Every structure is written in C-alpha cells, then in structure tokens.
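Protein chains in written order, with UniProt numbering: chain V, 1 to 316; chain P, 1 to 503.
Derived from the structure by calculation, the hints contain no laboratory data. Every value quoted in this text rests on a predicted model; they were computed, and no experiment measured them. Virtual Cβ for every residue (Gly too), placed ideally from N, Cα, C. A couple of the hints might just be wrong.
Stated by the list, open to error - Just some of the chain V residues that point at chain P, by a computed CB distance under 7 Å:
hint, residue
1, Glu196
2, Ala197
3, Ala201
4, Thr263
Claimed, not checked - Calculated lysine-lysine pairs in the PhoX-like style (CA-CA distance at most 25 Å, straight line):
hint, chain 1, residue 1, chain 2, residue 2
5, P, Lys216, P, Lys382
6, V, Lys7, P, Lys138
7, P, Lys28, P, Lys123
8, P, Lys379, V, Lys7
9, V, Lys6, P, Lys17
10, P, Lys266, P, Lys17
11, P, Lys389, P, Lys379
12, P, Lys17, P, Lys47
13, P, Lys379, P, Lys138
14, V, Lys114, P, Lys17
15, P, Lys314, P, Lys258
16, P, Lys138, P, Lys28
17, V, Lys6, P, Lys389
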Amino acid sequence: MTDQLKKILLGEQGLVVIFVVAFALVSALVPNFLTDRNMLGLLQSVVTVGIVACTMMFCLAARDFDLSVGSIVAFAGMVAVMASNYTGSILLGLLAAIASGAFVGFINGVVIAKFRINALITTLATMQIVRGFALIASDGRAVGINSPDFYQLALSKLLGIPTPVWVLAILFCIFGFVLNRTVFGKNTLAIGGNPEASRLAGVNVDRTRIWIFALQGVVCGIAGILLASRITSGQPNAAVGLELSVISACVLGGVSLAGGRATMSGVIVGVLIMGIAENAMNLLNIPAFYQYIVRGVILLLAVLLDNLRSSALGRR
Amino acid sequence: MSFLDFSHITKTYPGVKALSDVSFGVDKGAVHGLMGENGAGKSTLIKILSGDQHADQGEIRIDGRVQAYTSTRDAFDNGVIVIHQELQLVPELTVAENLSLGRFPANAGIIAGRRMLDDVGAKLKSAGIDIDMRRKVKTLSIGERQMVEIAKAIMLDARVIALDEPTSSLSSRESEILFALIDRLRGEGKVIIYVSHRLDEVFRLCDSLTVLRDGKLAAHHASLKGVTRDQVVAEMVGREISDIWGFRARKTGDVRLKVDALSGPKLETPASFEARAGEIVGFFGLIGAGRSELMRLVYGADPRSGGTITVDGKLVPATDPRGTIRAGIVLCSEDRKHDGIIQGRSVEENINISSRRHHTRFGVLNRASEIATAETFIKKLKVRTPSRKQDIINLSGGNQQKVILGRWLSEQGVRVLIVDEPTRGIDVGAKSEIYELLYQLAQDGMAIVVVSSELPEVMGICDRILVMCGGRVSAELTRDQFAERAILAAALPDQKTPDAIAS
C-alpha cells in the first residue's frame, strides 16, 4: 500500500496527483472556494505570474535566470499607458509596451550570451535600471489612463471568461508547444543539460539564449499591459518581487534550477498551487503575515519532493 | 575466510538486476583485479563497497566483521577507500591541505601550518610519493592528482583501497609510477581492488582476479598462474574474441579532408594533413601532444588563427561547429561527459539534437521522423537501453559513445568523422562493435580520423598513422611501416629510450 502510494507520488505525474488531491481537499474544506466567482478570481489572480512563468521556464531550463521580470512588467505597463495617452492610440501603446519589453530582454540576452556575464548579475542590474526608468518616466507617481477603452482589456469577457485568463491559456498552449515540439524548445533543454556539448553538437547556443531573454521581455510586456489595465493605471512600483513568485512557481512545477528539465504542465500546476494556496488563505482570513510562512513552506516541500523523486528515479 | 569477503551480494535497480549473488574473497597484501564489460556490475560492486549504495542482499566482511556502513564517510572510518575515475580533490587548496581536509591539526581553530606540513611530509615520504605539498591541486597533472588521492588513502590508514580505472587518463610514465606505488602498498599488507579494462595492467599487477558478466560472477581466479588473456576476455564477453581489431583492408579514394597549415591559440605550430575517402587515419601521441587541440580546430570547436580546411576540394569557411557540421565534418570528443552527452535528456534527444534540422518545418519538429531516426540508430548501433526515452546518463560509457555516433550518423552527408579516444572507458565487446562500425563507415566512403593514446588500437585499426609530439606532427607511417618502436620514438619529446614507455 505505501509502496503504491510512493510510486504514484514520486512518479512522473506525482505533482499533478498532489495538485488534484490538494484541490479536492481545499474544495471540500474551504467554504466559497468552489464557486464560479471565486474560480475566475483565482485565475485572474495568477495571470501575471502565470504569463511570466511561461518564459521563465525557458530561462531556467537553459540554466539561466531572470530577476528583471518584475521591473520589466512595471516599465512596460508605464509605457503602454503613457504611449497610449500620448498618441491617442491604444494599439500603438500596446506595441510600444511589447517593443520596450523585448528591447530590455534583448539587452539582457546579449550581455549574458555574448559578453558572458553571469545572468544573475546582469538581470540584477537591469532590474534596477529598468525600475529606475519607470520611476523617472512617471516622476514616481501612478499615471492614469485617458481612454476608458484601455480598461476593457482586463474587464472584457469572452464566453464568460475574462480576456486576461484567455491570454494566459493561449500563452500556456503556445509555450507548451514551443518547448516540446520545436527546435528552439529542444535546444533550450539541451543547453541547460550541457551547454558545451550542445555547442559542439551544432546548436547555436548564443542565439538561443538571446532569443529566450528577448521572448521573456515580450511576455513581460504582455503581462505589464494586462496588469496596467487591471489596476487602471501605470504604476512604477507595480510587480515588485514578481521575479521570486515566478521562480517559485516554476520550481514548484518541477523545473530544475540546474537546467535541462522543465515541463509546461508542471509549470501550470506550480502556478495554480501558488494561486490556490493564496486564494484559500484569503478566504479563510489568514493574516497576510502568516501567508508568507505558508508560501515558503510550500516551496520547501515541493523542492524536497522533487529531490526525493529524482533519487527514486534512480541515477546510477 | 579471506580478509575481505563479498558474500552473496545482490543489488537491483529499477528494471535492471545490477548484481546477483556475487561472492568472492581477497587476501591481505593482495592486488585483486576486477574486470568485466561496462554494465557488468563492477561499478555497482565498488559503490556498495564504498558505502555509496546498499546491497539488497548479502554482506561485506572485513577481517571477519560484517560491515554495515551506511555512507561513504562510514566506509572511510572503517578503512575502506575508493578512488574514483573522477577525483575528489579541492582544486583551490594545496596538496597538504587536501590531505589534511577534515582533520586539520589546529590550535583553537587556527590551522597549525607547520605541523600539517610535517605530518603530511612524513607520510608522503614513507609512501615514496614525490610531490611538492605546497602546490595547489589545480596546478597538478592528472597523474599527480591521482598520487594525491592515493596519498589520502595512506594518510587515513586505509585497509582496503579500491582503484576504479586509475590509468584511464594517465600517460605511460605516470602509470609506471602508480604501479610502483601499488606494489609498495601490497608489501604493506593492504587489500587493493583494481578495476580496469586493460588486460596488460591486470596481468602485470594483480595476484588474483574476479570477472563479472551481466551482474553475475563469471570467474574467480585465486591465482593468475596459467590463466591466459584470451581466457579472461572470453570470460568477460562470454564468447571467444580472437582478434579484437578485426582489421579489414579497404580501397581508398580521393582526398576528402585536406588540412593546410592550421593553427590556433593552443596549437602554435601550423599543422597539415590529409585523409582520403575510405581511409582510417590515426593520430597517436602522448597526452598533451596537441592531437585533440588540432582536431578541435578542424571541427571549429576552438577558434583558429590561421590555415585552411577543404572537404572534397571545397574550402570550409566556417569556424564554428554549426558550420563545419554543415560542411560534413563531425567530431566525437574525447571528454564524453563534458563535451558529448546532454545529461538529463533522453537517448532520443541526444541522437536528434543536430540532425533534426533536416526534418523540421519552420522550426516545428516532425515527431514521427524523430522517433524513427532514434529507433533506427538504437537498433543499427546496438545501443543497449530500455527505451529511447531513457536518460542518457543511465547508459554505460560504450552505449553513450554509440549514441553520440548515432547523433552524427543521423546527419546525412557526413564526409569526415573525427573520433577522439573513441574507446576510452569502453569494454572489449563494445570496442569491437565500434571498430566494426568505423570500418563499415570507411567502406561507405567516409574519411575517418582516429585520435588515440592506445598504441595497439591505432596500430590495430588504422591505415596510416600520424604521430604528434609537442604540438607538431613528428612522423607519418603507412600500415606496412607500423612498428611500435618507431611510433613511440616519434611520440617522445626527448627521442630517448622508447623501451621505458613501451613496457
């Protein structure tokens, strides 16, 4: 019996099983959890983390790291709002936001891949630089949105489901496909597994890494737009600490910080576990201070489980 | 009962029975050889001895006492030390510091440097090891590091010392020093387990021998008197291999690869050579002679500073592996673990990593063709793996090598195959298979370049040998000119006494 249990928990799909069990438990025990309203709220609450986790997964899978995502999200949100206000065209605002995110990501990628500066240090630097730009551009204040149409990005619904949740779902699908079914995805995993061997096998390692960071920037741009729309303004202090939530979600989802191992389904589960924990704690009125502790404990448990799993898979 | 006894050791991994009911004993003051093909269970047995793994059944007894240790630290404290292929030293610390690690002589936490040097110096001297204790380990050669590892065992007063393929990365001269040291340890009454693929060494050093095959005890020789090499090889593979080279003469065609005055940061003297279609060209030399450096330049793994490469008369402008692969040149690196396999990824992905670009549309993979390619080469190269989805790290060295070869053979249009130490750490059976494959590929018109430090190997399989020494090509011999003495003489920097090395 315990052997059976061990097999299920430590198997390939162990995380999914735990997620399903946790979901069932929370549904049964926490009042008002399993309601349409709460479910949509839950999904909306994980949109930013979930979107950014898509590309953070690639970053970690390639043995890289990106700390600048929170700053890029805030900066892109500012750009979206300010460019929309300035040009009077929301579309131009959105394009400017995505372009600025891509630009920062591209710079990250070039510095890391071409100049061989440690990713942690590089993105620690750009994290501060970009946050500085966001603050300077707005003089440290929130910038309101002129056109009410901008709110509609976050408020509009399709088939009863808010647009941001659709965007999240679509990105999950796209990046799941990219990871498993494209040369880019496989090369990313190979680079994380062994960068030098990948280079010698003919993989264009530098270009792949630059692409990963540029994509991360694009995705942060999208997350920034949706966040700005939801909070109805460009906030230079938005998304502080986002990088840690995103990395936590990825690690929860079984992405290896040593590179070479990542699955989209894992990351989705990781994002949802974080979301459910937070949502349940809010419903149970657990004070915010305690929530930090719970989040930390969940992360530790997940990593421990992962460790058990890799030793159970038996590395000879 | 012997001093060291393995009794009914059984160990099962998911899907594999690594060891089943293995029992044998080793006496004090004996060097005991442990042989077997990769995957025969040698490593597992050594891991159990070192406390890294636990036997499912059976026990190890030392001096009559059952050893129930649960960690390598435990084994250490019981006087059992295993010296692995990958050495466990701290590069930034000095020899003396490495040897005192964990047991620094100290006063109130401050290391007593003088006392440490005295202690270590005395031990090194008594063991007859001549290394400057103040040097940092990172400045030592691999051979010297191995000495330090053995010195560590001596410092700890080990009763049982197991050496796992100790000479795989040593030069002949360094090996000689190692053998002398082992002889000395034998004289002191230690038990030495010597794991090796090299029959010469085993016959030279060992008093007794155990051969494992497929996790079972295939043979145990309490004495090597009257035991022949062919017999041991037969015990290892379970069948007779008369001639492991199986050389087959081929017709050679036009010049395929022409390397002209190639030089780079690590190879200052420009080097030139040619390889014809259907030809197997060997590069022999001592470690550090510049063979691998030259091949890395040809492949574009390192940037070149001068010279040209032509394949079938067409200039190869590329200076990176991506470009040279497209020009038809591929390389299987000497360091499989660092430069070859992608750890953590499947056999299938390791095969397809390069060739998949032929089957993709707009960067999207064609799963069906990837699976087919992987299955084809797993079958064709007889890769022993439970499935194509297996993590490559779980395969034996020989099978990993086959996967890397599969990676390149799945590239259509390879014209020049460079293999650097193709059979390092690979057992006899797999070796023959790899040689057979090289002959087949040459027959089909590839130009093949084999870099090897094993003289019998280059002499056994190559049509022509180029000898390198001190970064330049020092001799070139065709098959009818092959002679051990001449090749060794050309490989030695001082052009003296090849006999000292030939052994």
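Status of each hint after checking the structure:
Hint on Glu196(V) holds. Least Cβ distance to chain P is approximately 6 Å, under the 7 Å limit. Checking Ala197(V) against chain P: minimum C-beta separation of about 5 Å stays under 7 Å; hint holds. Against a cut-off of 7 Å between C-beta atoms, the interface hint on Ala201(V) holds, since the closest Cβ of chain P lies about 5 Å away. With a least beta-carbon distance of about 13 Å to chain P, the hint placing Thr263(V) at the interface is violated under the 7 Å criterion.
Between the alpha carbons of Lys216(P) and Lys382(P) the distance comes to roughly 22 Å, so the proposed pair stays at or under 25 Å and holds. As the CA atoms of Lys7(V) and Lys138(P) are separated by approximately 43 Å, the hinted pair breaks the 25 Å bound. Straight-line distance between C-alpha atoms of Lys28(P) and Lys123(P) comes to about 21 Å, which keeps the hinted pair within the 25 Å bound. This hinted pair does not check out: Lys379(P) and Lys7(V) have alpha carbons roughly 31 Å apart, beyond 25 Å.
For the hint linking Lys6(V) to Lys17(P), the alpha-carbon distance of about 21 Å falls within 25 Å, and the restraint holds. Under the criterion of a C-alpha separation no larger than 25 Å, the hint pairing Lys266(P) with Lys17(P) is inconsistent with the structure, at around 46 Å. A C-alpha spacing of about 14 Å is found between Lys389(P) and Lys379(P), which places the hinted pair at or below 25 Å, so the restraint holds. Distance check on the hinted pair: Lys17(P) and Lys47(P) sit about 15 Å apart at the alpha-carbon level, within 25 Å; holds.
As the CA atoms of Lys379(P) and Lys138(P) are separated by approximately 42 Å, the hinted pair breaks the 25 Å bound. Among the hinted pairs, Lys114(V) with Lys17(P) is inconsistent with the structure: their alpha-carbon atoms are about 47 Å apart, more than 25 Å. For the proposed pair Lys314(P) and Lys258(P), the alpha carbon gap of about 10 Å is at most 25 Å, so the pair holds. Of the supplied pair hints, the one linking Lys138(P) and Lys28(P) is violated, its CA atoms being roughly 34 Å apart against a limit of 25 Å.
Between Lys6(V) and Lys389(P), the direct Cα distance comes to roughly 22 Å. Compliance with the 25 Å bound is thereby established for this hinted pair.
Of the numbered hints stated above, those contradicted by the structure are hints 4, 6, 8, 10, 13, 14, 16, listed in ascending order.
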